[in-house]
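K.L.:
Residues per chain, in single letters:
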Amino acid sequence: MANLEVRNVRKSFGDTHVLKGISLDLDGGEFLVLLGPSGCGKSTLLNMIAGLDSITDGEIVIDGRVVNAVHPKNRDIAMVFQSYALYPNMTVKKNIAFGLEMRGVPAEERERLISRTAELLQIDHLLGRKPAQLSGGQRQRVAMGRALVRDPKIFLFDEPLSNLDAKLRVDMRTEIKKLHARLGTTIVYVTHDQIEAMTLATQIAVMRGGVIEQLAPPQEVYEQPANMYVGGFVGSPPMNFVPATLVEHGNGLAVRFACTSDGSAGDVDLPLADPSEDLAPWRDRKVIFGLRPEALTDYNEAEASIREHAHAFDCRVDVLEPTGADTLTYVDLGGETAIARVNPRRTTNPGETMRLMADMSHASLFDPETERRI
Amino acid sequence: MASLPQQAAADTLGAKIGRGVLYAALILFAAFYILPMLVMLATSVKDIEEIRAGSLLALPQAITFEAWGYAWNEACIGVECTGLAPYFMNSVLMVIPSVFLSSLFGALNGYALTKWRFPGANVIFGLLLFGSFIPFQVVLLPMSQTLGFLGLASSVPGLVLVHSVYGIAFTTLFFRNYYVSLPDDLVKAATIDGAGFFTIFWRIILPLSPSIIVVTVIWQFTQIWNDFLFGASFTSGGAQPVTVALNNLVNTTTGVKLYNVDMAAAIIAALPTLLVYIIAGRYFVRGLTAGSVKG
Chain F
1 MANLEVRNVR
11 KSFGDTHVLK
21 GISLDLDGGE
31 FLVLLGPSGC
41 GKSTLLNMIA
51 GLDSITDGEI
61 VIDGRVVNAV
71 HPKNRDIAMV
81 FQSYALYPNM
91 TVKKNIAFGL
101 EMRGVPAEER
111 ERLISRTAEL
121 LQIDHLLGRK
131 PAQLSGGQRQ
141 RVAMGRALVR
151 DPKIFLFDEP
161 LSNLDAKLRV
171 DMRTEIKKLH
181 ARLGTTIVYV
191 THDQIEAMTL
201 ATQIAVMRGG
211 VIEQLAPPQE
221 VYEQPANMYV
231 GGFVGSPPMN
241 FVPATLVEHG
251 NGLAVRFACT
261 SDGSAGDVDL
271 PLADPSEDLA
281 PWRDRKVIFG
291 LRPEALTDYN
301 EAEASIREHA
311 HAFDCRVDVL
321 EPTGADTLTY
331 VDLGGETAIA
341 RVNPRRTTNP
351 GETMRLMADM
361 SHASLFDPET
371 ERRI
Chain S
1 MASLPQQAAA
11 DTLGAKIGRG
21 VLYAALILFA
31 AFYILPMLVM
41 LATSVKDIEE
51 IRAGSLLALP
61 QAITFEAWGY
71 AWNEACIGVE
81 CTGLAPYFMN
91 SVLMVIPSVF
101 LSSLFGALNG
111 YALTKWRFPG
121 ANVIFGLLLF
131 GSFIPFQVVL
141 LPMSQTLGFL
151 GLASSVPGLV
161 LVHSVYGIAF
171 TTLFFRNYYV
181 SLPDDLVKAA
191 TIDGAGFFTI
201 FWRIILPLSP
211 SIIVVTVIWQ
221 FTQIWNDFLF
231 GASFTSGGAQ
241 PVTVALNNLV
251 NTTTGVKLYN
261 VDMAAAIIAA
271 LPTLLVYIIA
281 GRYFVRGLTA
291 GSVKG
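Note that the protein sequences, when read in sequence, are chains F and S.
The opening residue of the first sequence carries number 1 in our numbering; numbering runs sequentially from there.
The opening residue of the second sequence carries number 1 in our numbering; numbering runs sequentially from there.
Heads up, a few of these hints could be off.
[What the hints assert, rightly or not] Under the rule of at most 25 Å between Cα atoms (straight-line distance), these lysine to aspartate or glutamate pairs were calculated in the DMTMM-like manner:
(1) F:LYS153 / F:ASP25
(2) F:LYS177 / F:GLU108
(3) F:LYS177 / F:ASP25
(4) F:LYS286 / F:ASP193
(5) F:LYS130 / S:ASP184
(6) F:LYS130 / S:ASP185
(7) F:LYS178 / F:ASP193
(8) F:LYS73 / S:ASP185
(9) F:LYS20 / F:GLU59
(10) F:LYS153 / F:GLU5
(11) S:LYS257 / S:GLU49
(12) F:LYS177 / F:GLU248
(13) F:LYS94 / S:ASP184
(14) F:LYS153 / S:GLU49
(15) F:LYS286 / F:GLU248
(16) F:LYS167 / F:GLU108
(17) F:LYS286 / F:GLU223
(18) F:LYS94 / S:GLU49
(19) F:LYS178 / F:GLU159
(20) F:LYS73 / S:ASP184
[Claimed, not checked] Now the stretches of chain S that chain F is said to cover, found in silico as 3 or more residues with beta-carbon under 8 Å:
(21) 186-199
(22) 203-216
Just so you know, these hints were derived from the structure itself, not from any lab.
Glycine included, each C-beta is placed from N, C-alpha and C at the ideal position.
If we strip away everything but chain S, and leave its shape as in the complex, we get (with noise of 0.2 Å):
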């Protein structure tokens, strides 16, 4: 990669010293992003004495996971005190379905939209793609309605519907892009061979799909998760996301402010996605470049 040229202009002692400010400049990008998570964690583990009489920088002196156990077990959520675990289950009953839904149809759409181009196939396109830009707020009204009609008010399984049916237009989007750089001759040949629309896709373009199928698997899934206004919209009591319920269990003040409750059940909330990103991260650059598939 490093051509000769380059590697001399290493060596001088300019190029040092701006290689030096641009490490001390990313370093102090980084420390202000990790910073707070950081302060969260501390805090998360300290008890409650050492967070009033201790600074909110310091290091924590006694580390107990009380604060842990209590946000998701026994903190007050409005009136119910059951911790944040079965709002978490919640969403993971909300965010697996939603993700995986919404996925298959974006494939489909994708696969339908560019190997089988019909009249019209980009006028379609383009309303999709319009999907995409519409703001959260514009289909509160008409969606609450809607699953008002359809009797899924306030459950978990009209969540689902209003993420799947949101979320299409990204994951269509996602997935006509990556197919567009797919060979038609791969869907011309496997037609001479015999296979139809649904062989061509589950044999053929779903195995090659791995990397756009993850990147748009953490689009979703970081989405939907943190999905707050779609979840305080539509939801009320037992049917809310975990998002929902860790605004309720911060404002559901009772004497003392437990700020390492608060801080656990944020990082509580936070950790599914950010497990998800540890684990399929490196796909996502991955599957966010890659396009051509050399057969």
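Only chain F is shown next, with the shape it has when bound in the complex (with noise of 0.2 Å):
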């Protein structure tokens, strides 16, 4: 169990700047998700904790040691590779070696360290077998026992999961789940899937473009994401954005939108659950009005009567998406589409009307120009 942290650590490679001042603390035994697409800079970040790449500019401090100029293998890390990067030559045994061998531990220590990572891990029966002769998830393991055996400060994960067909990679989460559970090492795991991210971390940070959009626990980052690019990333489907007013209604306030029901086009206004004073500067102004397609539902006079701020609206329905639990329906909202997850067994016809609720204690705003969260 090690903290680390990461002070305004910056990466250029002459003018192009792939992290732009990245920050953030982590406590011992907690599980950190690095998330995003393609090219954020989230694998960049990681090798940086590993000490594969250098460091432009800031500081990487692991167990208050500043280790920027600290060899890869003096910072007591172990990384999991996309690629597994088993060394192909040798056997199980010796991948899983390789590391005590190269630290000087001696005969029987390795022996004894093997066997109980291989128990750990259920690959006892593999020891003999060259890399070339495992399956996929095989070869993710021995890879995790190459990095558990040395029993490190701080665990890197980088996408060990993308290469796994779809079932296994749901098994491989949650041994990595149990794992993390039963070891309590502080982790750095990087992906670019959503839930991936959700169902493993205790922090999640949400990276573009070089910079940390947010850095808060999953649950926080899904209901309250900071601005529209996180809500947009997170969850699947992704938040509904609709194009709104802010107006006043009754004592509060409520978002205002264009919806066309029974053939004509009309304004829809549901009240804010939580009109607070912050709020008041946006009066008659445009504002993003963000909510899960969870929390847009089928009307359902019951769960109307127990949430306190679900409200009820008639709108068109354009398209059906059925996936099993949830109906995907798409409706326009505010000129934009959203979608609505619908009860299998209340589902409309396309062009017709609906009555749908929504939940608004979920509700999100952001400002149209910086698409923050207001």
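Build the complex from these two chains, which are given one at a time in their own frames, with help from the hints.
P.N.:
See the structure below:
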């Protein structure tokens, strides 16, 4: 267990700035996921933490020690690579032993550590094989074994599951989570898969273009995205963004947007659950109203009565996409396509009008110009 | 491999004729190349009387290996009548260290150029590449001066130096192009595991290189063994490699021209490269086409 601090770290190649000042602070035992599309700098940041890439500016601190000039092998970290990077010429056992051997661990101690790790990962029966004789999932385990056996301060994972098929990926995801729960080691994990990020992380850093857009626990990232980018990147389907106007409504405020129902265009007003003082300057101005698809559902009287901030409105259905559990229902709100999660037994045919219910306690508002959360 | 339409096509008459023509042409070409070899072999086992009386293409009537023994032990090369044997040994002593050194440095260069990218790596690779385009003749004079300066003129170690240095351009090219396809993550993983430059080279990179090593060794062996120009330019007398000695043997005429000895000597001089191809040839093609290592 070690804490990790990244202080205003930059990486540039000439005029190309890959990382534009990254800062984060991670307590020992946390599971940080660096989430972002390819080219956002997340792997570069990981490589810099590992010491495989030089740092243009800023500091990386592991357990209170600035490691900028420390060789990777002396940082007490271990890394699992996307390609697994198993040494093809060595058996599984030798692969796992290599790091110990390089560190001068005596042979008996090595044996003990290897058998313990192999047992933990259930790869004891594979120790004599070469990597080419293993399946994808087994290689993944061996790669993790190679990292685990040294019991490092920090684990670094570079998209470790992206080469596995869908089912195996889910299984391994669970195993990584179990391992973290069991070992409690600090983990930094890079992925572009937002579901992996949500399921594994205790902290998510959503990255774009060399900056961290939001650093928060997964539920907070999901429910209160710092900006429209985060709202759109996390969650599948992504958050709905409805161009709206903030208007006065009784004692509070409401979002007003256009929507077609029963063949005629009209405005819908949805009162905000929490019309705080901060929103006052936004009255009568354009905002982006963000709502997760699961907060936009079919109208259900029983539920509407329980949920204080659920409001109903009518809207024409454009497209239906059944997914099994829910039917994704496409509607046009304020000129933008929005997706509602509808109970498959309550769907309406495309072109017809349907009564929807918006749970405004999950609403987000964004500034249309800066795209930041208001 | 063969899909159904292709098999169907093979049954038509036109396709059969085409195939026949193809085979005929291939057999003709093969014969064209093998014939000189057969004539050499046949001549080398005839005695000189038979050569004089018979036709060049006729098969030997009585096989005798006298000419081989003579070429190996007794034939006169210039004024020394020692046969090819000492010169053959010269070539062996020249080719083994040269192939070893040039391959080793090529592998190290290729590894450093691909896995430890340093500023200017591409420029250096470009310059090395350029080195493989330099014709032999260009370096003759400066090289002979250098050898004289080092005290290696007219010696087998001198030839080892020349061939090792000259070969590095080619071997680097081979190894570099092979190592470019090895995943960089291997080196990163080993670095984190605590291995340094040379440990990674010996323990991880080199064990993954057998196919490209074979290619390089065959290439270098053939080049160095068959070299005539450097051998003729930088050595004289007892230090000459077998190629130069063969030339001198054939050109040393005392009375009757012993064609059978000439032929036997030529085959002896060519035998090692032939053997290398026969033994390692299948790895050669495999190594040339190999690239990716699935790990």
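K.L.:
State the violated hints by number, sorted upward, taking the hints as numbered earlier in the document.
P.N.:
2, 4, 12, 14, 16 and 18
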